[in-house]
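Undergrad: If you're matching them up, the sequences are chains A and B in order. Here our numbering is used: position 7 in the first sequence is 7, and no number is missing along the way. Here our numbering is used: position 9 in the second sequence is 124, and no number is missing along the way.
Quick caveat, the hints were computed from the structure, so don't treat them as lab data. The beta-carbon is built from N, C-alpha and C at its ideal position, and this holds for glycine as well. Among these hints, one or two may not hold up.
[What the hints assert, rightly or not] Covered stretches of chain B, going by a simulated chain A footprint (3 or more residues, C-beta under 8 Å):
id	region
1	155-166
2	189-201
3	204-215
[Said to hold, decoys possible] Pulled from the structure, derived: some chain B residues nowhere near chain A, Cβ distances all over 12 Å:
id	residue
4	Val126
5	Asp132
6	Glu171
7	Ser178
8	Lys180
9	Gly182
10	Arg185
11	Ala220
12	Asp222
So the chains spell out like this:
Protein chains: 2
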Amino acid sequence: MLNHSGSLDSVFQALSDPSRRVIVERLSRGPASVSELAQPLAMSLPAVIQHLQVLEASGLVCSEKIGRVRTCRVESAALRSAERWIATRRAIWERRLDRLGAYLAEDEQPNARRK
Amino acid sequence: MLNHSGSLDSVFQALSDPSRRVIVERLSRGPASVSELAQPLAMSLPAVIQHLQVLEASGLVCSEKIGRVRTCRVESAALRSAERWIATRRAIWERRLDRLGAYLAEDEQPNARRK
């Protein structure tokens, strides 16, 4: 499901906001309550909750309410699927550059000998 | 510059659209002209150009016009900065889970011995 195009749309969309990245950054260091997440952000609690809803909808974050406290944590599967998409494209491109470099180096050798 | 928050905003924003990911995917296999990029996409050339403008503004793609042909190529630095951001957060979180797992395993051992 996480490889599905729609999921990547919402994961990258969720990560495109700096406040949401601050939340993911905080949660990567461990689960946190909504009010703990709100502390470093200069915004209202409803605004933080809206950002959390975007993060939950994307699959990057999940939360659980125990008593009156909602605790959030990061979901590494969603992070991994986005990371893998980027890493695959970068690797294909860099391999291509390496092959091109090797080809040009080989091509230079006979010319050097001819001199 | 690529580690700057604004750049990550626009890189993740650019990657959140499936047509733009198709373009990046195609360009990871080698440079291409605008009309080559438009071929697999069911959209008008102006729409493709708009997507390319978003990709260029984010730093994911650069282009060069030689004669009448504009050739585009992917910029691995922008891909790498987005990949690194995600990979760092995922690694921090997974290390935390590993430590927790190790802690719980240690904690279980004395109980097992006590039985």
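Undergrad: Against this structure, judge whether each hint is valid.
TA: Hint-by-hint comparison with the structure:
1. 155-166: violated (count 0)
2. 189-201: It holds, with 8 qualifying residues against the three required.
3. 204-215: holds (count 7)
4. Val126: Its Cβ does come within 12 Å of chain A, the nearest being 8 Å, so this is violated.
5. Asp132: 7 Å, violated
6. Glu171: Non-interface label on Glu171(B) holds, nearest chain A Cβ at 16 Å vs cutoff 12 Å.
7. Ser178: With a cut-off of 12 Å, Ser178(B) remains clear of chain A, as the shortest Cβ separation is near 15 Å.
8. Lys180: 21 Å, holds
9. Gly182: 22 Å, holds
10. Arg185: 19 Å, holds
11. Ala220: Consistent with the label, Ala220(B) stays out of reach of chain A, its closest Cβ about 19 Å off (over 12 Å).
12. Asp222: Check passes; 18 Å lies beyond 12 Å.
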